[in-house]
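A.B. asks: First residue of the sequence shown? That's 1 in the UniProt record's numbering, and the numbers climb one at a time after it.
The hints are simulated quantities; they were obtained by calculation from the structure and are not laboratory data. Hints may be right or wrong, so weigh each one.
Said to hold, decoys possible - Under the rule of at most 30 Å between Cα atoms (straight-line distance), these lysine-lysine pairs were calculated in the DSS-like manner:
no., residue 1, residue 2
1, K236, K291
2, K191, K257
3, K198, K121
4, K121, K135
To be verified - Between beta-carbon pairs, the in silico distance windows are:
no., residue 1, residue 2, range
5, F133, V237, 15 to 21 Å
6, P59, L241, 44 to 50 Å
7, L452, S187, 41 to 47 Å
8, F392, P426, 25 to 31 Å
The beta-carbon is built from N, C-alpha and C at its ideal position, and this holds for glycine as well.
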Amino acid sequence: MGACLALGSIGSCASCLCGSASCLLSSCCPSTYNSTMSRLAFSFLLMLGTLVSVIMILPGMEEHLKKIPGFCRGGSSIPGIENKVDCDIIVGYKSVYRMCFAMACFFFLFSIIMIRVRSSKDPRAALQNGFWFFKFLALVGITVGAFFIPDGEFTTVWYYFGATGSFIFIIIQLILLIDFAHSWNQSWLEKAEEGNQKGWFAALLSFTIVHYALAFTAVVLFYVFYTQPDNCTEHKVFISLNLIFCIIVSIVAILPKVQESQPSSGLLQASIISLYTMYVTWSAMTNNPDKQCNPSLLSLVQPSSPTPPPASPTTAPSSVQWWDAQGIVGLIIFLFCTLYASIRSSNNSQVNKLMQTEEGQGLTANEEVASEDGVRRAIDNEEEGVTYSYSFFHFSLFLASLYIMMTLTNWYKPNTDSSAMQSSMPAVWVKISSSWLGLALYLWTLVAPLVLTDRDFN
1 MGACLALGSI GSCASCLCGS ASCLLSSCCP STYNSTMSRL AFSFLLMLGT
51 LVSVIMILPG MEEHLKKIPG FCRGGSSIPG IENKVDCDII VGYKSVYRMC
101 FAMACFFFLF SIIMIRVRSS KDPRAALQNG FWFFKFLALV GITVGAFFIP
151 DGEFTTVWYY FGATGSFIFI IIQLILLIDF AHSWNQSWLE KAEEGNQKGW
201 FAALLSFTIV HYALAFTAVV LFYVFYTQPD NCTEHKVFIS LNLIFCIIVS
251 IVAILPKVQE SQPSSGLLQA SIISLYTMYV TWSAMTNNPD KQCNPSLLSL
301 VQPSSPTPPP ASPTTAPSSV QWWDAQGIVG LIIFLFCTLY ASIRSSNNSQ
351 VNKLMQTEEG QGLTANEEVA SEDGVRRAID NEEEGVTYSY SFFHFSLFLA
401 SLYIMMTLTN WYKPNTDSSA MQSSMPAVWV KISSSWLGLA LYLWTLVAPL
451 VLTDRDFN
């Protein structure tokens, strides 16, 4: 709990930096827009909750708390002092469920409040762009209340909410990756036109080849380690279908008609989407409860351990091991997408419509507004109209909270009969179906101008 208080102090300090809608900036910070600062601040609250969740689920945390005399129920005690704190709830996967429940409620509430905010002149815009200290206190209050929720069926019910929300968030991650790939490709093509064509085209080709090489290597490793000659039929189907789908979207991306309607489209985007699809495929297969089709990463690295040590409660198959490879990769992708969503400035009209944003400003402003004391302030660039949907942005963070919960608990399903967690096939199907829907969305961004000829996609 001391760690939580320390993190709370950090959050309070951060809130002092951005206490109002016209956020004060230090002299060393570049001028930026109010809309960008608000998104970064809300993302910071999400990161803060994620960090607290990581600390709570660290292995051995419960044992350390039980060593505190008179603190945990069932732990060491001082004569005459009754242990009343249930450490099983304030650490471990149950604490992650409650922490992420609090963040989800916080962002969902803001999503409802900010519906149909059109400009910064709306009174609700002040709540979006200011009052950070009070919003931080509200999040802390909801978090404290979440830990008083009776155990019962809460974790089981919230697991299904988490799986559904994570499915949608995986799609949002893919949309952001599509947008990032389009922006990357367009930026380097423009630089190639300005000069040193061979160098920039060689760089594009190199990254494309690397992405495809990694995706193909992943496919080979999947067939070797996650399939058996007479078993793991589902895995064989998943790997084969996603390989075929990735080949299809790669071919479509370079078709002459697609290139004519979208000159910036190319294999770089397709290679990034293919690599991400293989990651989602791998992540899905790691949730298969059949251990013959889902070997642990440790067994792949050390297949011939002569005398393995006996399994401890923290390494048992039923325990939550968020620190495995797929959990760490999932966190890295999540951090990248969350930061990118906060500072993005997209020129892709289809992605902007999907993400409910406009072609707007990025992180740095072209003008400066300074107060009388010379301190720069964030520029209000939304007086005529908002540059992003406040409500949809908070809904995305709501889904991100659920995705973090599922990632840190490795998508394991709570067992109502015990405190254990177990892998489940629903998690496998959620991830695989999200990869298929994501590929379909990317394919739509390629063919939409050809299908809807009466609409302008420039």
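A.B. asks: It remains to establish, for every hint, whether it holds in the given structure.
C.D. replies: Going through the hints against the structure:
no.	hint	verdict
1	K236 <-> K291	holds (15 Å)
2	K191 <-> K257	holds (24 Å)
3	K198 <-> K121	violated (49 Å)
4	K121 <-> K135	holds (20 Å)
5	F133 <-> V237: 15 to 21 Å	violated (52 Å)
6	P59 <-> L241: 44 to 50 Å	violated (36 Å)
7	L452 <-> S187: 41 to 47 Å	violated (26 Å)
8	F392 <-> P426: 25 to 31 Å	holds (27 Å)
Figure legend: structure checked against the earlier numbered hints; hints not met, in rising order: 3, 5, 6 and 7.
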